[in-house]
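Add chains E and D to chain H, keeping to what the hints say.
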Amino acid sequence: MTAIIELERLAKRYGPITALDDVTAVVGGSIIGLLGPNGAGKSTLLKCLLGLLPYQGRARVLGLDANAQGAEIRDRVGYMPEQEAFLSGMSAVELCTYAGELSGLPRTEAMQRAHAALYYAGLEEKRYQPIDGYSTGMKQRVKLAQALVHDPEILFLDEPTNGLDPRSREEMLDLIVDLPARRGCTIVLSTHLLPDVDRVCDHAVIMHRGGVRFVGTIDELRGARGRDSELTVEVKAEAAKLGEALTAAGATCKVTSPVALQVDLPANATTQLVFATAQTAGLQVRALAVRRESVEAAFLRVIGEPAPGPSGVPASALPGTLADASMAVAAGMFERGGAGGQR
Amino acid sequence: MSAGQIHDLGYKRYAGSRRSMGTRWTVIMRHQIATAWKGWWRFKPWLIAGLIATAVSGGILYFLSGNLFRMIGGFSGQVIKFADGILPISMAWYAPIGFLVSLTVSATVVAGDVQSGALTFYFARSVRPRDYVIGKLAGLGVLLSLIMLAGPLVLAGVRLGLSDDRHQLFELLPVAYKALAIGVLGTLIYAAVPLGFSALIANRRYAMALWAAYYLLLGSMAQGIGRLTSPTVAALDLASSLKSVSLSLFDVHRSGRDLSIPTSAALISILGHVAIAIGLVVWRVRNAQQTGVGGSS
Amino acid sequence: MSIVVADNCSKWYGHVLGVSDVSWKLTGGIVGLLGPNGAGKSTLIKMMGGLLQPSRGSLTVYGQSPFYDIEVRRRIGYAPEHEATWDELSALELVTAMGRLSGVPAGKADQAARDALEQVGMTSAMYRRVRGFSKGMRQRTKLATAIVHDPDFLLLDEPLTGVDPVARVDIVERIKQLGAAGKTIVISSHVLYEIEALTSDIVVIYRGQVLAEGNVYEIRTLIDRHPHRIRVECDQPRAIATALASEDHVARLHFERAGLVIETRDPDRCYDQIAKAVLASRVTVSALSSPDNNLGAVFEYLTGDGGRR
Numbered sequence: 303m304t305a306i307i308e309l310e311r312l313a314k315r316y317g318p319i320t321a322l323d324d325v326t327a328v329v330g331g332s333i334i335g336l337l338g339p340n341g342a343g344k345s346t347l348l349k350c351l352l353g354l355l356p357y358q359g360r361a362r363v364l365g366l367d368a369n370a371q372g373a374e375i376r377d378r379v380g381y382m383p384e385q386e387a388f389l390s391g392m393s394a395v396e397l398c399t400y401a402g403e404l405s406g407l408p409r410t411e412a413m414q415r416a417h418a419a420l421y422y423a424g425l426e427e428k429r430y431q432p433i434d435g436y437s438t439g440m441k442q443r444v445k446l447a448q449a450l451v452h453d454p455e456i457l458f459l460d461e462p463t464n465g466l467d468p469r470s471r472e473e474m475l476d477l478i479v480d481l482p483a484r485r486g487c488t489i490v491l492s493t494h495l496l497p498d499v500d501r502v503c504d505h506a507v508i509m510h511r512g513g514v515r516f517v518g519t520i521d522e523l524r525g526a527r528g529r530d531s532e533l534t535v536e537v538k539a540e541a542a543k544l545g546e547a548l549t550a551a552g553a554t555c556k557v558t559s560p561v562a563l564q565v566d567l568p569a570n571a572t573t574q575l576v577f578a579t580a581q582t583a584g585l586q587v588r589a590l591a592v593r594r595e596s597v598e599a600a601f602l603r604v605i606g607e608p609a610p611g612p613s614g615v616p617a618s619a620l621p622g623t624l625a626d627a628s629m630a631v632a633a634g635m636f637e638r639g640g641a642g643g644q645r
Numbered sequence: 004m005s006a007g008q009i010h011d012l013g014y015k016r017y018a019g020s021r022r023s024m025g026t027r028w029t030v031i032m033r034h035q036i037a038t039a040w041k042g043w044w045r046f047k048p049w050l051i052a053g054l055i056a057t058a059v060s061g062g063i064l065y066f067l068s069g070n071l072f073r074m075i076g077g078f079s080g081q082v083i084k085f086a087d088g089i090l091p092i093s094m095a096w097y098a099p100i101g102f103l104v105s106l107t108v109s110a111t112v113v114a115g116d117v118q119s120g121a122l123t124f125y126f127a128r129s130v131r132p133r134d135y136v137i138g139k140l141a142g143l144g145v146l147l148s149l150i151m152l153a154g155p156l157v158l159a160g161v162r163l164g165l166s167d168d169r170h171q172l173f174e175l176l177p178v179a180y181k182a183l184a185i186g187v188l189g190t191l192i193y194a195a196v197p198l199g200f201s202a203l204i205a206n207r208r209y210a211m212a213l214w215a216a217y218y219l220l221l222g223s224m225a226q227g228i229g230r231l232t233s234p235t236v237a238a239l240d241l242a243s244s245l246k247s248v249s250l251s252l253f254d255v256h257r258s259g260r261d262l263s264i265p266t267s268a269a270l271i272s273i274l275g276h277v278a279i280a281i282g283l284v285v286w287r288v289r290n291a292q293q294t295g296v297g298g299s300s
Numbered sequence: 065m066s067i068v069v070a071d072n073c074s075k076w077y078g079h080v081l082g083v084s085d086v087s088w089k090l091t092g093g094i095v096g097l098l099g100p101n102g103a104g105k106s107t108l109i110k111m112m113g114g115l116l117q118p119s120r121g122s123l124t125v126y127g128q129s130p131f132y133d134i135e136v137r138r139r140i141g142y143a144p145e146h147e148a149t150w151d152e153l154s155a156l157e158l159v160t161a162m163g164r165l166s167g168v169p170a171g172k173a174d175q176a177a178r179d180a181l182e183q184v185g186m187t188s189a190m191y192r193r194v195r196g197f198s199k200g201m202r203q204r205t206k207l208a209t210a211i212v213h214d215p216d217f218l219l220l221d222e223p224l225t226g227v228d229p230v231a232r233v234d235i236v237e238r239i240k241q242l243g244a245a246g247k248t249i250v251i252s253s254h255v256l257y258e259i260e261a262l263t264s265d266i267v268v269i270y271r272g273q274v275l276a277e278g279n280v281y282e283i284r285t286l287i288d289r290h291p292h293r294i295r296v297e298c299d300q301p302r303a304i305a306t307a308l309a310s311e312d313h314v315a316r317l318h319f320e321r322a323g324l325v326i327e328t329r330d331p332d333r334c335y336d337q338i339a340k341a342v343l344a345s346r347v348t349v350s351a352l353s354s355p356d357n358n359l360g361a362v363f364e365y366l367t368g369d370g371g372r373r
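As given, the protein sequences belong to chains H, E and D, one line each in that order.
Take 303 as the starting number for the first sequence in my numbering and just add one per residue.
Take 4 as the starting number for the second sequence in my numbering and just add one per residue.
Take 65 as the starting number for the third sequence in my numbering and just add one per residue.
Calculated directly from the structure, the hints in this document are not laboratory data.
Careful, some of the hints might be misleading.
[What the hints assert, rightly or not] Straight line, CA to CA, 20 angstroms or less: simulated EDC-like cross-link-like pairs of lysine to aspartate or glutamate:
1. 15(E) / 480(H)
2. 199(D) / 237(D)
3. 556(H) / 546(H)
4. 199(D) / 386(H)
5. 199(D) / 607(H)
6. 441(H) / 427(H)
7. 15(E) / 455(H)
8. 247(D) / 216(D)
Because the structure is a prediction, the values reported are computed rather than measured.
Bound conformation, chain H alone:
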């Protein structure tokens, strides 16, 4: 992993308010999720990295010092803003060409790359029309294209799926996942939607109250792949019955719902045990997976906020079983098919 961002005691204070508190971190990866609650300091960090805010300490992006070489960094970095950032009265092609020229590309080169970026973003047909008439989905795509025109080495994406309907969200996430391979750039994705992070990111940086609480791979975040013997099992019905049967066979079980349970296999047993036991009991296994924390649960754990239990009380306040149940429910929700399915 080559480090693309290096921070050393990075600090930013506005009088009594500390936005960034002596942050030291080395960030690298292919698609990096930048996460944190409101007020964590993400936008301040971004401004410092782009050289738009003076700061104390050291911050290097692609080896360049952000205080001294901010403009150069911005030449090599693309930014897709959360809010609207257009000039009215221009078509997508004109805007992207302008964007390229502003980053120092000669005119014809900028124009060619503008077209290429718009093709990539899926705006092939509408690229000559004025942006003012675009739908939300199209505007997001233009924002992505204008960030790509000048061939950036890093792409900062700020809530790229904002306002998009489910299908457009999937398409945008697909575009993002492909970017490192097709455009050779590293992505830093800032978002509040953690299942998106689960789907596309391989690394994560978690911030809270001006500090970095975690830097590393997503796997490290949720604990390396759980031990193969710790499972969640879903059945068509009567999970309790399966639980009893498995317990009799030496496993440790915890029933979490009428159709789901957690199973810890005994030593030397494989998942065969589950199927065999189910068949003997006349039950049908419908799902089976190694227990892994969802990104959301891991995030909440890292920043120290407990996930609430079903009654609304923080899970840490509940005795044993229910707390685990809520974790399993939270984990199960985001692991089941769809969003978490492919990686």
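Just chains E and D now, with coordinates in the frame of chain H:
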């Protein structure tokens, strides 16, 4: 049969050179000019008006050069000819045209950019505030100079062309750089000052309205007060100041009709307005650079 | 008893179509309202909230038209997508004002506002001006304005947009509590896992019409065109494939890096046969899942056909 081929349309990284940072403002300047040039109502009609004004003045200058310009008396009391009077008076025609351009082009620039989020667009890239300010000023300057500067220069050229001999030509050469001077002042006024207003208010229409109100209403109030009290107050009216400077540069005054605003007051007023306006733009842009990028949390 | 009854309801704005011939009944609980942009979700919500009246047909809430009947509007709480708040007010002032506007008597409005703000977790911030609020706090305040007059029916349009993960978990929990307390809640969102976290009952609006409604898993079983996908990650995918290939309910088998994906028209039989094959061939299964038995896939199947309908 030849063997088939599939070409790799894959992506090529940009390995070329990038233009140096110092030239980024030219991109913004060109963009500003191109934007104003688009469409039929932003700039072209005023340019045509300017051309007409120049043509008419030039025509009068040429055909009536010998006639006496009865309404003007020189400082020495001499009555002067059209030939010498037209140039300074022409500012009275160019000024309103310049004002119209300022309304449709200059007064909405920064406000429009703030409203549409363009400042985020600019500052997420390697554009520095100075590139933006200089680029916009230069762009507006080029546009306005096509009317406010080119006009007087053309008239100066006609005037010089009317000289009887080479000796008179050399004598009259100052006319050219005086024309340049008032042209530049005029350009500055209608490029920079409304730009300042557009930076003051983050709404295109209000910025335009405020500039119009300031220029027209405040201007005529200043004139009125100036007539009643001291002419120096009238220097606040940009149009009057411009006219005064151009008349006094050419040593011409219209007795009775115009207020004679002291030249120094007029110049201070004009340059003061311009400086404050540029200051406002710099303030707004620096502000946007720090807050506009990076999202809300 | 139906809470909302739409009867051949249509709404146009000039040439622009809002909804077209919608006949639908909402009986209660928490229901997710989904649909692509421009499909008519906002129109439907606004009609339910009494901001619009149908161009044709009728839409009644608790038997009355919310557009005309003030009493029934007092039973409805609407939190719109856009915020048009008075930034100068504090949260408490804002919610109190909205409470008054929604019919809470003057003497009780202040207390009702405090209760509502407590219910959404804004007690500590309620004296602060809305202007300085983060997105999460704004969303909570909006929710408070929708519940201050203790309505029975809540309409929440994108209540979680822009909310950070910590607040999201909390607000979802509070919405669940409101549902558990007996309120009927309609939530519209583009972020499908938000809906999944709250309910399995959905209504899908597509091209101005109600395309599907009910429990998402039931709807899944009705989509024949897309046989159920079952993914088996194991060490001997081919052994399982061999066992299943001859079955007539299997529409397709394909191999992935980690295992096998089966498309079947009869998932029940398929699961049994997978279990048999696993035991017969002594296959070690590392994961078994149904990747398209969720809201995202159902939504995609319903709306993704691009016109062939």
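Exercise for review: Please work out if residue 247(D) and residue 216(D) have their alpha carbons no farther apart than 20 angstroms.
Suggested key: holds (5 angstroms)
Check your understanding: CA of residue 199(D) to CA of residue 607(H), is that 20 angstroms or under?
Key -> holds (19 angstroms)
Point to revise | 20 angstroms Cα cutoff - pair residue 15(E), residue 480(H) | key: holds (16 angstroms)
Review point. Does the alpha-carbon distance linking residue 441(H) and residue 427(H) stay inside the 20 angstroms limit?
Key: holds (14 angstroms)
Review point. Has the given pair, residue 199(D) with residue 237(D), been kept, meaning a C-alpha gap of at most 20 angstroms?
Key: holds (18 angstroms)
Practice item. For the pair we were handed, residue 199(D) and residue 386(H), check the Cα-Cα distance against 20 angstroms. Key: holds (17 angstroms)
Point to revise | Hint consistency between residue 556(H) and residue 546(H) [alpha-carbon to alpha-carbon, up to 20 angstroms] | key: At roughly 10 angstroms apart (the allowed maximum being 20 angstroms), residue 546(H) and residue 556(H) satisfy the hint.
Review point. Taking only the CA atoms, is the gap from residue 15(E) to residue 455(H) under or equal to 20 angstroms?
Key: holds (13 angstroms)
Checked against the numbered hints above, the structure breaks none of them.
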